[in-house]
Amino acid sequence: MLLNQFLILGAVLFCIGVYGVLARKNAVMVLMSIELMLNAVNINMVAFGFQHEVVSGQVFALFIIAVAAAEVGVGLAIVLLLYRNQTSIDVEDFDLMKG
Amino acid sequence: MVAQNIAFGIISGIVVFSALRMVTTRNIVHSALFLVAVLAGLSGQYVLLAAEFVATTQVLVYIGAVMVLFLFGIMLTKAPIGKSMEMTGTQWPIAAGVALMLGAVILYSLIDQFGSDRLTEGGKIYRTADVGDEVFSTYIIPFEAISVLLLAALIGAIVLARKD
Amino acid sequence: MEATGFDAWVLTLAVFLPLVGALIMMVVPKAYELEVKLIALGSSLAALAVGIYILFQFDYGSASELQFVVDKGWIDIINSRYIIGLDGLSLPLLLLSLLVVPLCLVYSWNHVPSPGNTKAFFVLLLILSTGMNGSFISQDMILFFVFFEIVLLPMYFLIGVWGGEERRYASLKFFLYTLFGSALMIISFLALFFLSKDAAGNPLQTFDMRLLTDAAGSGIVKTTQVWIFAGLFIGFGIKVPMFPFHTWLPDAHTQAPTVGSVILAAVLLKLGTYGFIRIAIPFLPEAAVAWAPWIGLLAVIGIIYGALGCLAQKDMKRLIAFSSVAHMGFVMLGIATLTDFGLNAAVFGMVAHGLITGMLFFVAGSIKERYHTLEISRLGGLLKSAPHMGWILGFATMASLGLPGLAGFWGEFPAILSAYNPGAGLSEELFRTYMVIAAIGTVLAAGYLLWLYQRTAFGEPTEEFADHEIPDVSRNEWIAWVPFLIGIVLFGVWPNLIFNLTDGVVSSITANVEAVVAGR
Amino acid sequence: MWMLENAFLIPLIPALSFAVILFFGKRFIGADRVHVIGITAVSLIWVLSLVAAFQWTQRVEHPSPDAIAQISADGHGDDHADDGDDHAGAAMDSESGHGGGHSSVLISPVVTTYSKWWSNGGVDFAVGTHVDGLTVLLLVVVASISLLVHIYSTEYVKGDRRYVHYYAFLSLFTAAMLFFVMAQNIVQLVVGWELVGVCSFGLIGHWWEEKPNTDAALKAFLTNRVGDIGLLVGMIVLWGTFGTFSIDGINAAISASPGTQHLALLVAACCLMAAVASKSGQFPLHTWLPDAMAGPTPVSALIHAATMVVAGVYMIARLYPVFYDGFSIGTSSINLMALIGGFTALMGAGLAFAQWDIKKVLAYSTVSQLGYMVMALGVGAWTAAIFHLFTHAFFKACLFLGAGSVSHAAHHTFDMRKMGGLKKFMPQTYWTFVIATLALSGIFPFAGFWSKDEILLGAKVGQQNGYPLMLIFGCAVAFMTAAYMTRVVWYTFHGEYRGHGHPHESPKVMTVPLWILAGMAVVGGAFNLPGPVLEPFGLEGLAHRVQTYAEPSVYLSGLGLSHPDPSLSMALIGLGLALSGIIVTYLYFWRKMGPHGLTERNKYAKAGYTFLENKYYLDYLYNDIIVASIKKPIANGANWFNQNVLDKAVNTAGESARDSGRWIYKWIDQGAIDGSVNAAARGADASGEGLRTIQSGKVQNYGQLLFGAAAVLAIVFVIVI
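Residue numbers (my numbering), protein chains in the order written: chain Z, 163 to 261; chain R, 1070 to 1233; chain W, 920 to 1439; chain E, 133 to 853.
Calculated from the structure, these hints are not laboratory results.
Accuracy of the hints is not assured; some may be wrong.
[Said to hold, decoys possible] One-sided excerpt, in silico: chain W residues whose CB lies under 7 Å from chain E: (1) Asp1259; (2) Val1412; (3) Asn1415.
Note that the Cβ used here is the ideal one computed from N, Cα and C, for glycine as well.
Go ahead and model the full structure; you've got the sequences and the hints to work with.
Structure, rendered in structure tokens:
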């Protein structure tokens, strides 16, 4: 097996995730796309760990999973809050950062 | 090795297909289910890479916990369940362009850099016990930090989502 | 020789104490106004105390050598080092700069100009102080450049925020104009860095001013030297300001708040002339000789032109600003002669002009505060309304027109004197013509200054202000002004205080120039 | 000789008095009692200067052996030109001395003391004193007149709004004048010169509330500044030529080898002549002096008659070798200095006829007499000029103080048309004024007779050639002086009183100084009587005292000044001219003879009178043409150039930079680059939000930018690396 198989898979997933983050209107979908990106990174971690025969790759993958879980929790809470305040979770409706 | 390659190919196909559908489907529940497929596929890939504990965690945490959270989120925000024309924004061409450009450069770099590197055959395989050892020795402080982070996220989520 | 122990720290302290004060002030809430002011005054006084310590520790026997030298690594990748040191040329200017800032703080203690905000105002003054002090002691071109530019920003804000009605225009003009000069200057610095060679012909690739002074432009062909000098000339000439690069000055002075004008006149302009003496001439003696007639020409044009400009002004501050052009013309004439005499006179003229014109701007600011106008035709009878202030204005006027016994004379007279016998390689006839023109400039100077004095101080107060109560010099103003007045008299009666310091440095510079001219 | 070596004390005392009066006067002494300090200080220096004068006479009569210099034929005057820090005065005493073609024993008793003031570029500037006969003479004159004016002022300026400042400035002036008189080197000369000018400025503008006074003060200062160009340049040329600042050194160098530096000396002398013209009221820079009468009268007496205005004369006398050589006084029969002096004397006398203001008459008289002195110096009559300076100081101060006394009585007017018949109201003033008038007119045996006679004689004899034109000028001026002074006496003291109120005699504190000065006007001539006059009394030893003591023989003999024998015929001619001037005027006014009302009838006479009344239109030339053109069109032109050419160029550069920036932004950035992007975006997106949404504030747009930029950067890196 080639190292690149996994890396390219990760890259493809990452880009799909980027597309999802940028293109999707629903905030929940955006969060899901972010999960996709994080998973793409995880593959790289594990693949490199396997390649270099170190355990750190797996450990970091686990850490990322944990952080992702935390992130999803907080993210969804924020989405809920937004929904309550604006009765919408369409990210295009949110332009509070406009100067 | 051939079997592994075949397995990788099949799983990859499913994963990429599911991922694409996930970001393009107009039904948000379908989208979530495609994400489940992606995550499950990745769990398989971990197995191929001899990372059994990660694979298990992937299934438990992601498919078991995170996806449930997502579904709760979908339901709580009364997102239109079923087909909706408005799931994708008007700027998807730009997003696609950016993603393709990014993908192109990453792919080029990867092929350029790791063109024909083979994965180590018969190298040392780390089992769950090894991972445990490592986590509780070398990475004990990050582990504790992650624990605190999770706690903080928990509290933060509660504070944010409270109704008052 | 490098300084050791506490002496190694004094210069750094003198430079950075105000900055430390500014940083402390930033974390103190604005509401604690008195504390903020005290921190500002305290830090600038501490720097002044260090300056006085330097004054006592300074070895006057070897005033021509750098003292309190510190040489530490700074930006290794471009071979720029943190080199600071002080010699007889820097000492008077450093002390002037150290002295002016606390006095300005005292002056604006309760009178921060509109729109107020004492904290920000004082913080800017302290940052300005660091920039000015640093410029005078840097012995590395990049370090010098950094300090030189640090000065720019606080001044920009001082004019742009606390200035008069057209402050935006004036501040932007000041900023862009000097930045333009700086751009050419840094190019010249880089050219010096890359082109200079040591005696053996190896490239120096250094920003160390000491090495570049020793190299004296060796290894650079004359035409290149002339071009590099042109960059320096414009960079420093704008700061001086020399005719025809002076047009930012009247606007900046007129619009700046009082202490801004004072600092601008007292210290900032000196950065330009200091640059000529410290950098341009020693580094490129051959080019200096080639340029000297032109510098002299622009200097005397500046003298006459500035004076004529003064006669046409209707605004007091603008008039004083134009007089700066004329006075700095004398300084530049002294520099252009490339003689010991002329350069000494130039340094003296710098200090004297700083004290005198600073004083004039102080008085003008106080008049503005009381009358809310500086239009000369609307003023009058200052001697009657506020006798002390009228006297001080008269005193400063007399000093400014070069009365013997006051500081102004010893900047002017030796500069004219030096033009009689210019340095090696310069045309005697040309410089003697300059001498006569400069002497005519003194008449015009008397003309516009006395005319100003007559119309503002003599006579009865104009009807407009006849019934106004014009308060005389306040306590804070006395505190801020008395050191200036003492300085003007002291240097006027005992000019050797400065000449003694500068003579050694200047002799070595001119000796170098002469050697180079004779050698090629 | 202690006083001569410590002469620096003399200017120091009034300087201290100035500081005390100015800073402590009002608060600690009382504003109306500050004169005590001033008078004390000036009395002290008066005593000291008398001591100095006495010691000087002793020194001349009993020179110490080391003061005798052997003048050898092969002088080596180059010593002084070489080394700048060699103060040649000291060298004079120690070295064998210098001379040019003379080999006689001469006395070099000049006392110079100096110490380094500042040094610069290898040149030392000294500060010190240079005491010789001329200095001592001026010391006595300045101290005496200053003392009398101080006393007189206590009454005259009593209750003035700025009593303290008045006395402070008097003290400062005295200090500056003494400093100037004792200058050891030309830098000190310049310094003292400027300082007395400032005091003059301050005192002319003493009542600065009124604009004419400040105008006059400004005019005085600016005119002096014009001359100062010459002073600065001339002094610099001297320094450049001889390499020393020391007066002694320069004089010795010139006397040692006359004629070798003729060109440089000519330039220097011409430049310095401009300075003399401004300070000593010589044509064409005299116009400030009559205007300067705007100051308080005692000030006019002290500064603008007796002391400051003779600074120019003093400077010529002090640096006489420069002028002697530069103008070739010894060999010519006409030269610039004599011409300027003679012309000024004539012109001033003419103008004095057309004035109604008593002080202005006296001012023009001063101009005229100063011209006389300069002319005397111009013809080589050094001693005569200095002697005239000496006598003139006393009688002219007397006249001014007398005029002040009159004005004090006649309600502060100086207009002679409002006076008349004051003789019976104020006899003391009258008699002192008449005595001074006779002295000024040159009537035997008053002081002016002796000094004027010597000048005429000097002009007649000259050096190698006589100065016939100067002799004619001198004679004409002698006649005119007597005539216009008699006119003043008539209008002021005789006839009917034409003013208001009741004039009264001035108090003693004013009349006593008048009498002292009048006394000096009587006996002043005794200080330089010619030998033949004294012979019958067996006092030949007392003849020519001024010449003996004041003349710095060490230089002047080197130049070959002549001392003409007294001539009875010349004295009779001078006396006759003066008497006839008085008689003609007497007949005209007292006896109403002559062509009264000529100016109304004859248009030429009227034109001439108008010409005189307008002071030759010189003021018009200076004020309305030169000054006005500099102040208005030229200055405004320069300003216009500054604003519309230079400043505009800068602004245009800035604006064009801004405009080109805008152009680039509009056409290249927005038009070409952005336009193509927009076009692409539009093409891709039907709804056409385009890149305008870059600043939408929406997270996803920023995300697009972020990732897009990252991708672009990555591409760049990939390509580059």
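Hints that the structure is at odds with (numbers, increasing): 2
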